[in-house]
Structures are given as structure tokens and as C-alpha cells.
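Colleague: Residue-level listing of the chains:
Protein chains: 2
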Amino acid sequence: MNNKITLNAITQAHERIRPYIHRTPIFTNQTINDLAGASIFFKCENFQKIGAFKARGGLNAILQVAANKEGKAITTHSSGNHAQAVAFAAAIVGMPAYIVMPRNAPQVKKDAVKGYGAEIIECEPTLAARENGVLEVIERTGAVLVHPFDNDRVIAGQATAAIELLEDAGYNGSFNTILAPVGGGGMLSGTALIVHYLSPKTRVIGCEPEGAADAVLSFKSGNIEKAPFLKTVADGLLTSLSERTLAIIRDHVSDILTVADDEIIAAMRLVWERMKIIIEPSSAVAVAVVLKYRHLFAGQKIGIIITGGNVDMGKLPF
Amino acid sequence: MNNKITLNAITQAHERIRPYIHRTPIFTNQTINDLAGASIFFKCENFQKIGAFKARGGLNAILQVAANKEGKAITTHSSGNHAQAVAFAAAIVGMPAYIVMPRNAPQVKKDAVKGYGAEIIECEPTLAARENGVLEVIERTGAVLVHPFDNDRVIAGQATAAIELLEDAGYNGSFNTILAPVGGGGMLSGTALIVHYLSPKTRVIGCEPEGAADAVLSFKSGNIEKAPFLKTVADGLLTSLSERTLAIIRDHVSDILTVADDEIIAAMRLVWERMKIIIEPSSAVAVAVVLKYRHLFAGQKIGIIITGGNVDMGKLPF
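Same order as they appear, the protein sequences are chains A and B. Residue numbers for the first sequence, in my numbering: 50 to 367. Residue numbers for the second sequence, in my numbering: 50 to 367.
It should be emphasised that the hints constitute simulated quantities derived from the structure, not laboratory data. There's no promise every hint is true.
Intra- or inter-copy, both count: the list cannot distinguish identical chains.
What the hints assert, rightly or not - With a straight-line cut-off of 35 Å between C-alpha atoms, the simulated DSBU-like cross-links for lysine-lysine are:
hint : residue 1 : residue 2
1    : Lys364    : Lys158
2    : Lys341    : Lys158
3    : Lys364    : Lys280
4    : Lys364    : Lys341
5    : Lys280    : Lys118
6    : Lys269    : Lys341
7    : Lys163    : Lys341
8    : Lys364    : Lys163
9    : Lys364    : Lys159
10   : Lys350    : Lys163
11   : Lys280    : Lys121
12   : Lys280    : Lys269
13   : Lys159    : Lys118
14   : Lys163    : Lys53
15   : Lys163    : Lys118
16   : Lys118    : Lys269
17   : Lys350    : Lys159
18   : Lys341    : Lys121
Isolated chain A (complex conformation) (with noise of 0.2 Å):
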């Protein structure tokens, strides 16, 4: 049991990030509700500013370092959407950012990072070497590590999403399932508590790429499990979960379901196609979920969080 992040510190975080994010919709559609036999209610986290329900963590993590004097920057190492959202974050707070990037992210996504005013530090596309960069900033500049998801205040961050959707459409014990992608757990675990504390009829299952399925062994075994092997489409999620996040999910998530790729370009494309929205790989994982497990979901009504919408026009997956 997580004993530190409470409801309170939830609801805190809603408030103090409120006047900086968008209260993104919720949507519906007839043809995947019909698709999926179930009554499906999509969390647009791809509409929230930078593109994804980063911003939420990003910024009540960075709002509490600036309030508290905690640190003279931040400092993260990310080459997806928590680079852009701890950019966002300190620019809002008049910090600076230093964001360690491997040196083959994508040009658009170093532009959007130096498009908030941060600094980027490009190192090796290796994990020992994005965390030795991020410890020579700290070194150097007395800046303080915002996590992507083995921090508190950033699952509290994340845990927000969730409350949007229990408040806009669904009122206690109303949604049967809400569903969520897994990476490193974040957004994963801060939605199970907030469910539990909310809404603890509601189940809460994780969803998975089956090229980056560690966060179902370790769910299983109870310990930070390697994923078989590391390849998918979905490279948001390629990340492992930490024993903060996996203790959280350990006790609040009903279980973490797997789909294969070439389930999740059919998900995504399906959301563009009938949706018109654009989501990103990540989030169709848990589209892709609903529509392969359909005997799980039957009759249900279903809440999904579309964690983001940020995708390279130019290497579509269709």
C-alpha cells in the first residue's frame, strides 16, 4: 500500500496545474462502441498542451520545485514527450530546463524542446548515459531531476487525467473498466489510486505492447522484470517500470493485458479513421485492447486515457 500519495495531494495537484492545462473533452463513437460491444469514453489527453497528459506531471512536480526553492533549473533526460513537458513546465515557472536527449531523437522533437527555451545536452541513445548526463547538470548547475515517472509529485501529476474523466463522465462506480497504457508506469499507477480512492468499483487495467512486455512479468512476479524482447511501434512505452510504480500497480491494477503490433496500427488507424483525432501509437495500445479482449469489456462502460497525440507525419505506420 502507497502510503504517500494521498487523495489530497491528488486534488492539490489538480488545482495547482489546473490554470496552466487544458480541461481536455472527453469523446464517443458509435462505430468502435458497436465495434467493441461496449460504451467506450475517450479521455483526450492528445488535445492537453504539448500534445500529451505529460504536462500534468511535468508541471505539478516543477510548480512545487519553483514554490519550494528547491533547485536553481530542472533537469530530466527524455527523448518523448516528458522532454517537452518539463521544457513547458519551467518556462511557465521561469526556470531553466536542461533536457538530456539522445543524439538520434527526432529533430522535431529537439525543436519543440528548444521552442520552450530549454537547453538540450545530447549524449548516447544508451540509459547509462542519459542518467551520467543528467548527474554532470546537476554537477554543474544545481538543478533538480524531474523524473518521467518515478517521482511522487509527477504520478500525482498524472493521476489528474483521471479525475477529469470520473467528474465529466462517470460518477462514482459508474465506469465498470478504465483502461491505460503502460510504460513506465506513471500515468499507469496514478490513474489506479485515483480510481481507488474515487471510484474503487472501477477496475483499472494496464495495456501493453507485446514488444515491450515487462510490465506484465514484473506485475506477475512482483519484481522489475526485462521485457522479452524490445520492439514495437509504440515508442512511448519501450520504458520499464520502477518499484515505486510497480508496488502501486501491484495493488491497485485488476491486470495488465498485451496486444501485438500489428493490433495497435489497426487501433490507431481505426481512432483516425472513425474519430478523426490523432492519436499516437501509445495510445492506441489500449484502443487495440478493448477491440482484442472484446469478451472482457462486453456491455461494459469503459473509460480509455488517449495519453497523446504527438506522431511523425512523415514515418506513418500505414
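Let chain A serve as the given structure and place chain B on it in line with the hints.
Modeller: This is chain B only, laid out in the frame that chain A set:
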């Protein structure tokens, strides 16, 4: 001056179709505002039933055909969104629909029409063959033709999107300019009429691809002109004006501006990447106009009708 499509006819159309359509949302985007130097409100008819505004005009016409018992069936010729709109509306009133479609129309569009229970009559891909096909259907079945744009009821239906734009985002006069793409002119003439009635100080501007630039010539000469060449990614706008739509457009549209295909594709990609919504190339034409003719719109409050989001994901232009 057109006397038949009165304010009353359009507001009655809105009441008539309201139970069957979505009141589509209005989106804004800071990045695109910054690029345009204007404040833009996007009326998102890509989220409309059948994925395009054409549901409005089709419904307004067919609900009246059914209520007045004007015929035993509905027919039209179209390879695009109007085919789906007629099939959709005919299904609502329980009338048979016969859609004459060119043999080479994409299978996905044929499937969508069949999905609503309509019958497809295939013909050669020429205007003459399409019109002949419709005449044969009428003779054989007693069907009523619902033309895609040369029809007062259809125009009144299309005009209802702009009513919602004005009601939801701009009291009388607050919009400086409203832009809509122009193909046959159903949406543009309807928009121009209702804006003339409800917000007469607001200018309406038509937006046309260079590769189907008949409307701009007809607008200037007063006669139906041919496009200098027909080749554009905005395949929904290949049609020419009719005398009916030209007359309304000459009376109530301020100007028609053209953009090249590379500008249309860039605008489409910009909207996909930054707004995270799927818009079809025809809709991107209006976005491209605002960006290309920036000097004409700087500092203004702008409305853009995003006409649809039906895109073949297998044939993207980027």
C-alpha cells in the same frame, strides 16, 4: 439577390435536422493563431455525422421529401461525402436510396454508402454518365433527385454550420471574416447567406485550390467559367458552381482566394500535427488561405469551416 433561401428557411432547417446531427465543437489553436497573426475559430464539421458537413444539407432535403411524400425513393450522383450524406439521411427516414457512383470510386466510399443500406449504381466516371444514371433511376423507381449543391434545401442545410459558429463563438459582428472552401458552392453560398442575415458586418471569403479554380473566375466574370486546369489534392472541390450558387456568391461573398497544392498539403499537415485532428485536403484549403494571405487577416477574429475529415489513410499526401 436570392429571395428563396430566407433566414426563416435556414433556421427551420436547423430545427429540422438538429435531432440527427452533432452540434460540432469549435476548436482554437495558439500555434496556428501565432502563425496567422489572427484569432481563429475552427468549426469542426470533420466530427459531424458521416465525417462531413454534407449530412446537414442531405438531411434538410430528405426530411422534407419524406414529410411531404414527394417521392418513393431518393437518388443522387456523387463519389464523395454527399453520397454518404444521402444514404445516411434516407436511412433515417426509411426511404430507399439509389446512389450513382463512378466505377472507379474508392471501395471504402462504396462500402460506407452500402453500410447505410443504400443501393449503388455504378457508371462510367464522366459527368454525362452520372447524370444519365440518375435519370434512369428516376424513371425506374420514381426517386427524387437530391443534388449535392444545386438545391435550395441543401444550401439551407449547409448554412446551419455557420449558425452554430456564430452562436457558439461570435455574437453579431464579432467575427471579421469567415472562410469556407468552394467546390460546387453549396457550403459557401449557404454560409454567405446566413452570415448576411445574422452578422452582416462579417465578410465571407471563399477558398479554392489553384487546380480547380473555376469559382474565382466565375465570381469575377459573372458567368459559369471553366477551371484553367483540374488537378488538386482537394478532390472534394473539383466541381463547378451552378447558376444558383454563383448568384448567391456574387451577392454575398467578398472575395475568392486561391492556394496551390503544396500550400494545401502543408496546411493539412500543420493542423494534423498541432491540432491533433484529421481534416481532409478540401478543409485545409481555407487554412492555407489564412496563412498565405496573412496580411489580409492580421489582427482579425476569423472563423473557418472545417468541412470534413474523410481521408484515405492509405494515400496520404505526406
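Colleague: If a hint holds in the structure, say so; if it doesn't, say that too.
Modeller: Evaluated hints:
1. Taking identical chains as interchangeable, the C-alpha atoms of lysine 364 and lysine 158 lie at most 35 Å apart whether they share a chain (14 Å) or sit on different chains (25 Å).
2. Proximity of lysine 341 and lysine 158 under a CA criterion of 35 Å is satisfied in both settings, with 32 Å inside one chain copy and 26 Å between copies.
3. Taking the closest pair of Cα atoms, lysine 364 and lysine 280 come within 35 Å of each other both inside a single copy (16 Å) and across two copies (26 Å).
4. When the C-alpha separation of lysine 364 and lysine 341 is checked against a cutoff of 35 Å, the pair qualifies both within a copy, at 25 Å, and between copies, at 27 Å.
5. Taking CA atoms no more than 35 Å apart as the test, lysine 280 paired with lysine 118 passes in neither setting, with 41 Å inside one copy and 60 Å between copies.
6. Taking CA atoms no more than 35 Å apart as the test, lysine 269 paired with lysine 341 passes inside one copy only; the shortest distance there is 21 Å, against 56 Å between copies.
7. For the homomeric pair lysine 163 and lysine 341, the shortest alpha-carbon distance between copies (26 Å) is at most 35 Å, but the shortest distance inside one copy (39 Å) is not.
8. Taking CA atoms no more than 35 Å apart as the test, lysine 364 paired with lysine 163 passes in both settings, with 22 Å inside one copy and 32 Å between copies.
9. In this assembly of identical chains, lysine 364 and lysine 159 lie within 35 Å of each other by CA distance both inside one copy and across copies; the values are 17 Å within and 28 Å between.
10. Taking identical chains as interchangeable, the C-alpha atoms of lysine 350 and lysine 163 lie at most 35 Å apart only when they sit on different chains, with a minimum of 29 Å there against 41 Å within one chain.
11. Proximity of lysine 280 and lysine 121 under a CA criterion of 35 Å is satisfied in neither setting, with 38 Å inside one chain copy and 57 Å between copies.
12. Taking the shortest Cα distances, lysine 280 and lysine 269 sit within 35 Å of each other inside one copy (21 Å), while across copies they are farther apart (58 Å).
13. Taking the shortest Cα distances, lysine 159 and lysine 118 sit within 35 Å of each other inside one copy (28 Å), while across copies they are farther apart (62 Å).
14. Proximity of lysine 163 and lysine 53 under a CA criterion of 35 Å is satisfied intra-copy only: 34 Å inside one chain copy versus 56 Å between copies.
15. Taking the shortest alpha-carbon separations for lysine 163 and lysine 118, only the intra-copy value of 24 Å comes in at or below 35 Å, while the best inter-copy value is 63 Å.
16. Taking the shortest Cα distances, lysine 118 and lysine 269 never come within 35 Å of each other, neither inside one copy (40 Å) nor across copies (65 Å).
17. With identical chains, the CA atoms of lysine 350 and lysine 159 are at most 35 Å apart between copies only, with a shortest distance of 32 Å across copies and 39 Å within one.
18. Taking CA atoms no more than 35 Å apart as the test, lysine 341 paired with lysine 121 passes in neither setting, with 48 Å inside one copy and 43 Å between copies.
This entry does not satisfy hints 5, 11, 16, 18, going by the numbered hints stated previously.
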